[in-house]
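Residue strings, one per chain:
Number of protein chains: 2
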Amino acid sequence: MDIKIRKATKGDMGQVLELVTELAIFEKEPDAVAITIEDLEKAGFSENPEFTCFVAEIASEIVGMALIYFRFSTWVGKTVHLEDLVVKDKMRGKGVGEALYTRVMRYAQDQGVKRVNWVVLGWNEGAIRFYERSGANVMKDWWQVEMDEKGIKNYIENT
Amino acid sequence: MDIKIRKATKGDMGQVLELVTELAIFEKEPDAVAITIEDLEKAGFSENPEFTCFVAEIASEIVGMALIYFRFSTWVGKTVHLEDLVVKDKMRGKGVGEALYTRVMRYAQDQGVKRVNWVVLGWNEGAIRFYERSGANVMKDWWQVEMDEKGIKNYIENT
Numbered sequence: 097m098d099i100k101i102r103k104a105t106k107g108d109m110g111q112v113l114e115l116v117t118e119l120a121i122f123e124k125e126p127d128a129v130a131i132t133i134e135d136l137e138k139a140g141f142s143e144n145p146e147f148t149c150f151v152a153e154i155a156s157e158i159v160g161m162a163l164i165y166f167r168f169s170t171w172v173g174k175t176v177h178l179e180d181l182v183v184k185d186k187m188r189g190k191g192v193g194e195a196l197y198t199r200v201m202r203y204a205q206d207q208g209v210k211r212v213n214w215v216v217l218g219w220n221e222g223a224i225r226f227y228e229r230s231g232a233n234v235m236k237d238w239w240q241v242e243m244d245e246k247g248i249k250n251y252i253e254n255t
Numbered sequence: 097m098d099i100k101i102r103k104a105t106k107g108d109m110g111q112v113l114e115l116v117t118e119l120a121i122f123e124k125e126p127d128a129v130a131i132t133i134e135d136l137e138k139a140g141f142s143e144n145p146e147f148t149c150f151v152a153e154i155a156s157e158i159v160g161m162a163l164i165y166f167r168f169s170t171w172v173g174k175t176v177h178l179e180d181l182v183v184k185d186k187m188r189g190k191g192v193g194e195a196l197y198t199r200v201m202r203y204a205q206d207q208g209v210k211r212v213n214w215v216v217l218g219w220n221e222g223a224i225r226f227y228e229r230s231g232a233n234v235m236k237d238w239w240q241v242e243m244d245e246k247g248i249k250n251y252i253e254n255t
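Residue numbers (my numbering), protein chains in the order written: chain A, 97 to 255; chain B, 97 to 255.
Isolated chain A (complex conformation) (with noise of 0.2 Å):
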C-alpha cells in the first residue's frame, strides 16, 4: 500500500487528536488529553508555532501522525523531540510508524540539529525493539519529573 507523509494542516486537528487519544488508551492514561482541537489548531498553525506535525496517509485516510518541536540541550544545542508518534490500531504492521519516523529524522537532518529525543514506557518491548534496532539509544538511568498545576500552585503557597 502507498503511504503519503504530509505536513499536517490546521484543518487535520480533528483527526490528530482522535490519534492522541488512541495513543494515551493505549498508554493507559485515558483520560490524560486535555486539549482540545481548538488549541491544537491554534498552537501548532500561529505566527509562531509550537509544534510541526507531520501526518501519514493511505487512500487520502489518514492513518497515523508524528508530532515534533524543538528543544535546547546545554550540551549540543538545538535537538527535534519527537513529542507523538501514533499509527492507528487497525492500520499497524504495514509500516506506517517507520515511515512517520523515516520522515522526522529527515526532517532532523535538514534542521541539522545534533540529536533527536523522546521517550517510550518501559512496558512497550516492540517500540524498544523497533527504537534500539534503528541505532537509537534508550536510557533507563534518566528518570522523568513533573510537577502540574496544581502541584506549583500549592509548591509557591507553601515557601
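No wet-lab data here; the hints were simulated from the structure.
Heads up, a few of these hints could be off.
Copies of one chain are not kept apart here, so a pair can be met inside one copy or by any two copies together.
25 Å max Cα-Cα, derived SDA-like pairs, lysine to any residue [said to hold, decoys possible]: (1) Lys103 / Ala155; (2) Lys236 / Phe226; (3) Lys186 / Ile99; (4) Lys190 / Phe166; (5) Lys190 / Tyr251; (6) Lys236 / Thr198; (7) Lys103 / Val215; (8) Lys246 / Val215; (9) Lys106 / Thr198; (10) Lys236 / Glu123; (11) Lys246 / Ile131; (12) Lys190 / Lys249; (13) Lys106 / Phe141; (14) Lys138 / Lys190; (15) Lys210 / Pro145; (16) Lys249 / Ile99; (17) Lys186 / Trp171; (18) Lys103 / Tyr203; (19) Lys138 / Val172; (20) Lys249 / Tyr165; (21) Lys190 / Ile252; (22) Lys124 / Gly231.
Note that the structure is a prediction, hence the values are computed from the model and not measured.
Go by the hints and put chain B onto chain A.
For chain B alone, coordinates are given in the frame of chain A:
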C-alpha cells in the same frame, strides 16, 4: 546570606557554561558538553530565544543557574521544561537551589502553563527526595530515548 535571583544576560553565558560543565561532571558525562559560549549567546539572546536562563548571585557572584524553555504536550498544551538547575559545589546547602527552583515554578505559574517537566538521574537520591517533598511526581516507567547526529545519518543512509 542574601541570594538574588535574576534573569541571565548575554554577558553571563561564560559563567553559565562553567556551571553546565560542572553539572555534566557531576552527572559523570564530563565530555558531553559540546556547546560554546557563542552558541549560548546566539541561542538565548536572538529575536526568538531558544531558552530563558536565571542566575543566582551571592555578594554579586554567580553561584547557580536554572535554564528553561517551553515544550508542547499533546495532553496539556504548553509546558515549561527545566533543562538544567546547577549550584556551584562549594555553595550547596545554602538554599540556592531551592531559590532557583522556586523562581522557575513562579515563572511557570506566571506563564499559565499546566506543567513543569524535567529529568533526574536515578542515583541522585538527594535531588529526588527534594523534588518529591516539593510535590513533584518522579516517574521511572518512562524511558528517555535519543538518536545522535551520527545515528540519524546512519539510519537515513540505510533506509
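Going through the hints against the structure:
1. Lys103 / Ala155: within (16 Å within a copy, 52 Å between copies)
2. Lys236 / Phe226: both (16 Å within a copy, 21 Å between copies)
3. Lys186 / Ile99: within (15 Å within a copy, 57 Å between copies)
4. Lys190 / Phe166: neither (29 Å within a copy, 34 Å between copies)
5. Lys190 / Tyr251: between (47 Å within a copy, 19 Å between copies)
6. Lys236 / Thr198: within (24 Å within a copy, 28 Å between copies)
7. Lys103 / Val215: Answer is within; shortest intra-copy Cα gap is 22 Å, inter-copy 30 Å.
8. Lys246 / Val215: Cα proximity of Lys246 and Val215: in one copy and across copies (24 Å, 19 Å).
9. Lys106 / Thr198: within (23 Å within a copy, 37 Å between copies)
10. Lys236 / Glu123: both (18 Å within a copy, 14 Å between copies)
11. Lys246 / Ile131: Cα proximity of Lys246 and Ile131: one copy only (17 Å, versus 35 Å across).
12. Lys190 / Lys249: between (46 Å within a copy, 24 Å between copies)
13. Lys106 / Phe141: within (6 Å within a copy, 31 Å between copies)
14. Lys138 / Lys190: The answer is neither: 32 Å in one copy and 43 Å across copies each exceed 25 Å.
15. Lys210 / Pro145: both (21 Å within a copy, 18 Å between copies)
16. Lys249 / Ile99: Classified as between: cross-chain Cα gap 23 Å, same-chain 46 Å, threshold 25 Å.
17. Lys186 / Trp171: between (40 Å within a copy, 23 Å between copies)
18. Lys103 / Tyr203: Within one copy only: 11 Å inside a chain, 33 Å across chains, cut-off 25 Å.
19. Lys138 / Val172: between (30 Å within a copy, 13 Å between copies)
20. Lys249 / Tyr165: Answer is between; shortest inter-copy Cα gap is 20 Å, intra-copy 27 Å.
21. Lys190 / Ile252: Only across copies: Lys190 and Ile252 sit 19 Å apart there, 49 Å inside one copy, limit 25 Å.
22. Lys124 / Gly231: between (27 Å within a copy, 23 Å between copies)
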